[in-house]
Amino acid sequence: MSNHFMARAIELAIENVRSGGGPFGAVVVKDGMMIAEGANSVTATNDPTAHAEIVAIRRACAKLSRFELRGCELYASCEPCPMCLGAIYWARPARVYYASTAADAARAGFDDSLIYREIPQPHSERKIPMIQIMSNEALEPFRAWERQPNKLPY
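Residues in the sequence shown are numbered from 92 upward in steps of one, following my numbering.
Please keep in mind that the hints were generated in silico from the structure rather than gathered at the bench. It cannot be assumed that every hint is accurate.
Claimed, not checked - Derived EDC-like pairs (lysine to aspartate or glutamate); straight-line CA-CA distance at most 20 Å:
(1) K218 / E231
(2) K242 / D202
(3) K218 / D202
(4) K154 / D122
(5) K242 / D122
(6) K242 / E231
Working from the sequences, and respecting the hints, build out all of it.
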């Protein structure tokens, strides 16, 4: 672990606030070298998925020309939200370091507790109802995947 990388993630968060963005920064490190960084750009890009961790993951994967971050570390200025946590598990870094907590973020107005409460709810009882349709037809893409001889599993 290096405080230098976490200090950079925190610095990115501060710089981002000063330029009108959200208070989050992230850095991806491989073999002791920073390979990518990102700051929250949700409002700047009108992209609700442009959280700092996801921006950094996208940049790191592009730089490495691969869809995984095995052997990498992610430094985040704040404990990852549920969306970023999902992206982190898909990216498969070796470890994640974070500075402030989800509770700290909630006190500043970035409260993810609704999402955590919604996950175990039955689909029909969520604040945004989840309604399944065309379930039989939707199995065909999975059948095509299973038949595909030259697929790249992930």
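Against the structure, the hints:
For the suggested pair K218 and E231, the alpha carbons sit about 30 Å apart, so the restraint of at most 20 Å is broken. Proposed proximity of K242 and D202 is contradicted: the alpha carbons are some 39 Å apart, above 20 Å. For the hint pairing K218 with D202, the CA-to-CA distance comes to about 16 Å; that is within 20 Å, so the pair holds. Our distance criterion of 20 Å between C-alpha atoms is met by K154 and D122, whose separation comes to about 14 Å.
Of the supplied pair hints, the one linking K242 and D122 is violated, its CA atoms being roughly 29 Å apart against a limit of 20 Å. Restraint check for K242 and E231: satisfied, since their Cα atoms lie roughly 16 Å apart, inside the 20 Å limit.
Taken one by one, the earlier hints fail for this structure at numbers 1, 2, 5, listed in ascending order.
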